[in-house]
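**Student:** Read off the chains here:
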Amino acid sequence: MKRIIILLILSSFLVASCGSNPAQASSNSPTVYIQNKGSDTVVNLALAWAERYQSQHSDVRISVTGGGSGTGIAALLNGTVDLANASRRIKDEEITTARSQGIEPLEHIIARDAIAVIVNAENPVGELTLQQIADIYSGKFTNWKELGGEDRPIVKLSRETNSGTHVYFLETVLRLGRSDDKTLFSTDTLLLPSSEGIVAEVRHNPNAIGYDGLGYVPHDVKMIAIAQEAGGAYVLPSIATVNDKSYPIARDLYMYTNGNPTGIVKDYLDWILSAEAQEIVAELGFVPVE
Amino acid sequence: MEKSLNWREFIITRAIKASGYSAIVFVLLIFFFLLREGLPTLGEVEAGSLLNVRWYPIEDYFGILPLITGSLIVTLGAALIAVPFGIGTAVYISEIAPRWMREILKPLVELLGGLPSVVLGFLGILVVSPYLRVLLDLPTGLTAFTGSLLLGGIAVPTVVSVAEDALDAVPRAYREGAWALGATKWQTIWRVTLPAAKSGVLTAVMLGVGRAIGETMTVMMVTGNAPVLATKLGSLFSPVRTMTATIAAEMGEVANGSTHYHVLFFIGIVLFLISLIVNVIASSVVFRAKKRAERILS
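Heads up: the sequence lines are chains A and B, in that order. Just so you know, the first sequence maps onto residues 1 to 290 in this note's numbering. Just so you know, the second sequence maps onto residues 1001 to 1298 in this note's numbering.
Since the hints were made in silico from the structure, they are not lab data. One or more hints might be untrue.
[Stated by the list, open to error] Keeping only pairs whose Cα atoms sit at most 35 Å apart, straight-line, the calculated DSBU-like set for lysine-lysine is:
1) K1291(B) - K182(A)
2) K140(A) - K1232(B)
3) K245(A) - K91(A)
4) K145(A) - K245(A)
5) K1106(B) - K1290(B)
6) K1290(B) - K1017(B)
7) K1232(B) - K145(A)
8) K1185(B) - K1291(B)
Given only the sequences and the hints, what does the whole structure look like? Please build it.
**Tutor:** Quick look at the structure:
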C-alpha cells in the first residue's frame, strides 16, 4: 500500500515537471502536456482539435478548459497555460500587464465565428437591422409589438461581462463599431453565465432574445436575419455569408501564446491551421480560416 | 499509570483549546485578508460612485447598491419561505409525527440538506423557472422569486434539523405539566414547547438566513443576474443580481490587483458585515431570551 502511494506521488511530480516545460520534455519523456484554457466559445472546438491531435500523437496530452476569454488571458499572464483561447482581441491593458510580468502575448487567428441573434421559435419576428438590435439591448424597445411582433415584453439575454462574446457584441452591435459611443446594455439585461443558459431560456421563453456563437445554436430556436442598415438585405448567419462578409456580426477567434511558440506547441498550432483541422471547424458550425 | 493519564489529559485539553481558539483566529485572518484586498477600493473609487445604481465593471461603473438590494430581496424571500416551513416541519417531526414517520422524515430532511446546490440550480433553470413564468405570467422566470424559492429549499433542512434538536431538548415534564392542566396538543406546542425552545429555534432561523445570504451557485443560475436596483416589493418578481453571484461570476476574470479586483473584495467585506450584523442581532435576542427564562425559572 505504502509503495503505491509513493509511486503515485513520484508520478505526480513527473507530471508536474513535464507540464511546466513542454518543449524540453518531448525529447526525454514519453508524454508532453499542453495546457489550453479560455473562451467558452472556443472550448468545444479546442476539445475536438485536442482529441484528434492526441489520437495521432500518443505522446501528447492536451488539457482544455473554458471559463471565458478573460480567464484564459489571465491564465496566460500568470504563466499557467501554454495556449489561451479568446473570442476577442487582447486588450491594451492586458498587454501592458503581460509585459510587466515578462510575457509577450502573440496572436494566432484559428477560426472565425458568426454571432447569431436568436429568439424563441414561436416569435414571428425574423428580420432586424443592426440598429434595431442595438436599440433593443440599450432599452429603447421594450415590447415586441414595436418591432412588428406580438404584444409581449422583450427579455434581453446576454453573456456575463467576462465573456469575449459580450465585449464583441457591445462594441459591434450596441455601439455599431464607434469607439466614441458610450452606449451600455440596459440594466435589466439578464447576464447569464453560459451559452447553454441563453439557449435554455430562449427555447422556453417566447419573450426572450439572446445571442450566441453560431456553433452553439440548436435547431429548435430561431435565428434572426440581420441587415447592416435599414433598407439593406437581411442575411442569415452561415459559413458562406461570413466568408463573403455579408453577415455583419462575425469575428475572428484567437489563440494566444507567450512569444513565438516552440516545440510541440508550435507543431500543434501549425496543425490547427492545416486543412484537416479546419475541416473540424466547419463540422462544429464555425467558419474555417483560409 | 496515573502520571501518563495526566499527561494525556494535558495534551487533549490543549488540543481542544487550540481548536476552539483556531476558529477565532481563522475568522480574524479572513477578515484581515478581506480588508487588505478590499479597502484599497475606497482610495480608487469615489464613495459617490460606489453608491451609484449602475454596476458595469468593464466600463468602470462600480455601483454596488443594486447588488446589495438584490441580495437582500432574495434572502428576505428565502427567509419568508424557509422559516415558517422549516419550523412547521420541525414541530411536526418532533411533536406530532408517529415514531415510524419520524424515523423516515429526519434522515430524509438531512439528505435534502446535502444536495449539491448546482443540482438545485439546474432544476431551477429547466423546471422551476419556465413553470413560474407561465404560472405567474412574468416576462421571464429567472427572477429573485425563483432564487428565493430554491434558496428556501436549501435553507429548510438547516432550519429543520437545528429547530428539531431544540424542540427535542425541551424536558418532557413541561409537556406533561401542560397536559395535566388540560391544555390541548396544539396549546402545548404553541404556548409551552415552542417558547421553551425559543433560543434554539432562533439559532435555527439565523443559520438558515446565513445559509441563504451566502449561497452562490443556485442564485447565479436562476436569478437572471441583472443589476437592477430593487426598490419595491414587486422587484421580487423581476431579475436581480446578488453580491455572491457577482463575486463568483467575475472573480475568474479580473486582473490581480486591479480596481475591479479590489471592488469585488469590497463586496466581500459588505457581505461579511451583513452576516455579522444578522449574527449579532440574533445572538443578542437569544441572549436576552435566555436571561428572561433564567429569571422566570429561578
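**Student:** Run every hint past the structure and note whether it holds.
**Tutor:** Do the hints match the structure? See the list:
no.: 1; hint: K1291(B) - K182(A); verdict: violated, 60 Å
no.: 2; hint: K140(A) - K1232(B); verdict: holds, 23 Å
no.: 3; hint: K245(A) - K91(A); verdict: holds, 25 Å
no.: 4; hint: K145(A) - K245(A); verdict: holds, 31 Å
no.: 5; hint: K1106(B) - K1290(B); verdict: holds, 27 Å
no.: 6; hint: K1290(B) - K1017(B); verdict: holds, 26 Å
no.: 7; hint: K1232(B) - K145(A); verdict: holds, 27 Å
no.: 8; hint: K1185(B) - K1291(B); verdict: holds, 27 Å
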